[in-house]
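Please work from the sequences and hints to get the whole structure.
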Amino acid sequence: MSSPTNHLLVFAREPVLGRVKTRLAADIGNEAALAVYRELLAITASAVTAAQVPATVWLAEAPAPAADASTPRPEWPGLPWRVQPPAESLGERMSHAFEQAFAGGASRVAIIGTDCPGLTQQLLQDAFAALASHDMVVGPADDGGYYLLGLNALHLELFANKDWSTATVLPDTLADAARLGLSVAQLPMLHDVDSGRDLATWRAAKAL
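Numbering (our numbering), first residue to last: -6 to 201.
Derived from the structure by calculation, the hints contain no laboratory data. Take the hints with a grain of salt, since some may be wrong.
[Claimed, not checked] In silico EDC-like cross-links for lysine to aspartate or glutamate, where the CA-CA straight-line distance does not exceed 20 Å: (1) LYS199 <-> ASP187; (2) LYS155 <-> ASP135; (3) LYS155 <-> GLU85; (4) LYS155 <-> GLU92; (5) LYS199 <-> ASP135; (6) LYS199 <-> ASP136; (7) LYS155 <-> ASP187; (8) LYS155 <-> ASP165; (9) LYS199 <-> GLU32.
Keep in mind the model is a prediction, meaning the values are calculated, not measured.
Here it is as structure tokens:
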């Protein structure tokens, strides 16, 4: 029997002024928001690299100017990237990425974003380890969403009928998992940075 194959999906945006962290930009301005996003990208890329898990970066929009997909993006050295297809919801884009990973031969797949400065190499490794004994692993965010979701098989219900970017995402996802009879492991709760208040919380914690 072959060993399980892990694959990490990273949902990200190109660091372009006025195109990233729009909620944060409303509080601190576009240039400051871009600087924060670059900082978050570097933290995420460092954790992904250190975890040494095969990964694919899924960009929300195609790079401009157009780029060759065989050439890694500067923020993601060594990692292949693709562009998320047009879809009605974040859930559809996520389920598509999971589907592609499973179709490519992965048996344990996890997805992350780039909003969580507390993400570490160890958490990523713990997530895949949890999938050895659970059907699903989730990393809860303190805003009611999640910073990581991992699965051993694609369950489309987990990505449907969600009010994305609200505090209902995690409870609704866990309720779906319970209805499906999935065993769920939970990682430690972390803090996302989406607003000026979130940024202040992160900076205050860093200063301690």
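Practice problem: Starting from LYS155, check that the Cα of ASP187 is at most 20 Å away, please. | Solution: 19 Å, holds
Quiz item: Is LYS155 within 20 Å of ASP135, Cα to Cα?
Solution: 17 Å, holds
Quiz item: Is LYS199 within 20 Å of ASP135, Cα to Cα?
Solution: 17 Å, holds
Quiz item: Under the criterion that the straight-line Cα-Cα distance not exceed 20 Å, is the pair LYS199, GLU32 satisfied?
Solution: 13 Å, holds
Self-check item: Restraint status (C-alpha distance of LYS155 to ASP165 at most 20 Å)
Solution: Holds - the C-alpha atoms of ASP165 and LYS155 are around 7 Å apart, at most 20 Å.
Exercise. For the pair we were handed, LYS155 and GLU85, check the Cα-Cα distance against 20 Å.
Key: Distance of about 11 Å is within 20 Å: holds.
Quiz item: Quick one, are LYS155 and GLU92 close enough, alpha carbons at most 20 Å?
Solution: 19 Å, holds
Quiz item: Are LYS199 and ASP136 close enough, with their CA atoms no more than 20 Å apart?
Solution: Holds, at roughly 19 Å.
Quiz item: Has the given pair, LYS199 with ASP187, been kept, meaning a C-alpha gap of at most 20 Å?
Solution: 17 Å, holds
Consistency note: the structure conflicts with none of the earlier hints.
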